[in-house]
Amino acid sequence: MRYIDPHIHMVSRTTDDYQRMAQAGCIAITEPAFWAGFDRSSAQGFFDYFRQLTEYEPKRAAQFGIQHFTWLCINPKEADDPGFAREVVSLIPEFLDKGNVLGIGEIGLNKNTRNELIILEEQIALAEKHNQLVLVHTPHLEDKLKGTRLIMDALAASSIDPGRILIDHVEEHTVEEVLDRGFWAGMTLYPDTKVTPQRAADIIEMYGNERIWMNSAGDWGCSDPLAVPKARLEMRRRGHSATMVDKVTLDNPRTFLSQSPRFEIS
Amino acid sequence: MRSSVRSEMRQGESVVKDVAGTSPQTRQQVIDTYFMEHRAKLIDIAAYLDRIDRGQGSPTSDFRDDAFKRALAILTDGTPHRAKRILDLFSDHTQELPQSAEGMKGAAGAAVPAKGGDA
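Taken in sequence, the protein lines are chains A and B.
Residues in the first sequence are numbered consecutively from 1, following the numbering used here.
Residues in the second sequence are numbered consecutively from 267, following the numbering used here.
Bound-form chain B, shown alone:
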């Protein structure tokens, strides 16, 4: 099956695989199969954003929220590999290695801009 993956194409500076036509379903079948499931997820996102707006206090600046809103723009840019590009956006792109993980065992889900996130 790997051989069925199309040749590479350029997108901006990075080289990405052309994966058009790799789904076993037609576009209509994908919509028929998954529309309801993803309609629900979309409304969940809308309600989450509403919930932030309804929160008490003044508007807040949070690096995770900033990254989330930039990720939303990727959803509607009409370009493939949205999942990969959103994961890239949330990733730490620094080269430095701290000596120890003391006090930072967990992960936040998005990189702090000063530490490598997409500001």
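Extracted from the complex, chain A is given alone in its bound form:
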């Protein structure tokens, strides 16, 4: 059994988690830049974080035979101060040539504010200028539906092919519109918020297995770095074929991510 976890925040996880993921069949992960649970006080804090994502974390993953890839951005929760956010965004280009960087992410919205939207648009422009893939964070809970639509409208105003954009954290009320507009969709498997392995399997049954993946988004909060293999088991329990399970947990992530020349599974 081999799988890819295409969205997990390993800087917040222990080395034991890498070991358990490798034992469960994880061969590669991609780690978007995100909120650390508190607001960083300077752009220098992000510079150090980007170095951690591009230099240190790949080595930690490699100890367990897991390939580590990453996405860079200022996340929407810290993007509400445009001046500060622009300072951080200006740091990103010098990291885009690092060997494990796949694109810009996870950009998006948090509380659907004008300030967040300005910085989202500027980071979309950055991805456009540097021909990068895009990984999108959609807001939480009551803000998700409105935010997902705002984000899709902002993306549609760019020249980026929707097939090079993955919109993450979809649920039953957003997945159909995301797929219908030509984007890829990601389902995040969380214990309390977002979707359970059961609901992820339901969504695949209802909306199909094309342009969709699932991830753990494991981080510093209540989350499970083994959520993807658990969802694989859930699908098998219902009678889905091994081919079908591999498609959504290995083949689909590989297809989307391989649009970056840097993504190559050895």
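Everything labelled a hint here was simulated from the structure, so no lab data went into it.
A quick note: this is a predicted structure, and the numbers were derived from the prediction, not measured.
A couple of the hints might just be wrong.
Unchecked claim - With a cut-off of at most 35 Å between alpha-carbon atoms, the simulated DSBU-like pairs for lysine-lysine come out as follows:
no. : chain 1 : residue 1 : chain 2 : residue 2
1   : A       : K230      : A       : K98
2   : A       : K230      : A       : K247
3   : A       : K247      : B       : K283
4   : A       : K230      : B       : K307
5   : B       : K307      : B       : K371
6   : B       : K283      : B       : K335
7   : A       : K230      : B       : K335
8   : A       : K129      : A       : K59
9   : A       : K129      : A       : K230
10  : B       : K371      : B       : K335
11  : A       : K59       : A       : K247
12  : A       : K230      : A       : K59
13  : B       : K335      : A       : K247
14  : A       : K98       : A       : K59
15  : A       : K247      : A       : K98
16  : A       : K129      : B       : K335
17  : A       : K98       : A       : K129
18  : B       : K371      : A       : K98
19  : B       : K307      : B       : K283
20  : A       : K129      : B       : K371
21  : A       : K59       : B       : K371
22  : A       : K230      : B       : K283
23  : B       : K307      : B       : K335
Given chain A, put chain B in place with the hints provided.
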């Protein structure tokens, strides 16, 4: 597999997909597989409602609790897409964009009625 999703049908004002028959299991198999798990979740909800009733003080009005009780009605209305409709019910449907998120970083789980929740 996407092609196996049935043609669209109308439900009220919105167009929804007819997803009947998209589960790989029979209805009986779904019950056999999941009954115990969801029996437990159902009793959890019942106990949660009991806990609110047992709480000290006078009955309280809370927009999250109001939304929760409206969501419960969706469970037994016999119409498909219950999960989607409950998520819609909890969502902010306003069009306005605040300038800043100052002081409101988190999410409550249901929209405040004055700010777009289903009153």
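Restraint status (C-alpha distance of K230 of chain A to K307 of chain B at most 35 Å): holds (19 Å)
Is the straight-line distance between the alpha-carbon of K129 of chain A and that of K371 of chain B 35 Å or less? holds (30 Å)
K371 of chain B paired with K98 of chain A [C-alpha distance capped at 35 Å]: holds (32 Å)
Would you mind confirming whether the straight-line C-alpha gap from K230 of chain A to K335 of chain B stays at or under 35 Å? OK: K230 of chain A and K335 of chain B at ~31 Å, within 35 Å.
Regarding the pair K129 of chain A and K59 of chain A, is the alpha-carbon distance no greater than 35 Å? At roughly 29 Å apart (the allowed maximum being 35 Å), K59 of chain A and K129 of chain A satisfy the hint.
Verify the proposed pairing of K307 of chain B with K283 of chain B, using a straight-line Cα cut of 35 Å. Judged against 35 Å, a Cα distance of about 27 Å means the pair holds.
For the pair we were handed, K335 of chain B and K247 of chain A, check the Cα-Cα distance against 35 Å. violated (39 Å)
When you check the alpha-carbon spacing of K59 of chain A and K371 of chain B, does it fall within 35 Å? The hint holds at about 33 Å.
Given the hint that K59 of chain A pairs with K247 of chain A, does the C-alpha gap stay at or below 35 Å? Roughly 28 Å separates the two Cα atoms, so the pair holds.
For K129 of chain A and K230 of chain A, compute the direct alpha-carbon distance and say whether it is at most 35 Å. violated (38 Å)
Does the alpha-carbon distance linking K307 of chain B and K371 of chain B stay inside the 35 Å limit? OK: K307 of chain B and K371 of chain B at ~30 Å, within 35 Å.
35 Å limit on alpha-carbon distance, applied to hinted pair K230 of chain A and K283 of chain B: holds (28 Å)
Comparing the model with each earlier hint shows violations of hints 9, 13, 16; every other hint is respected.
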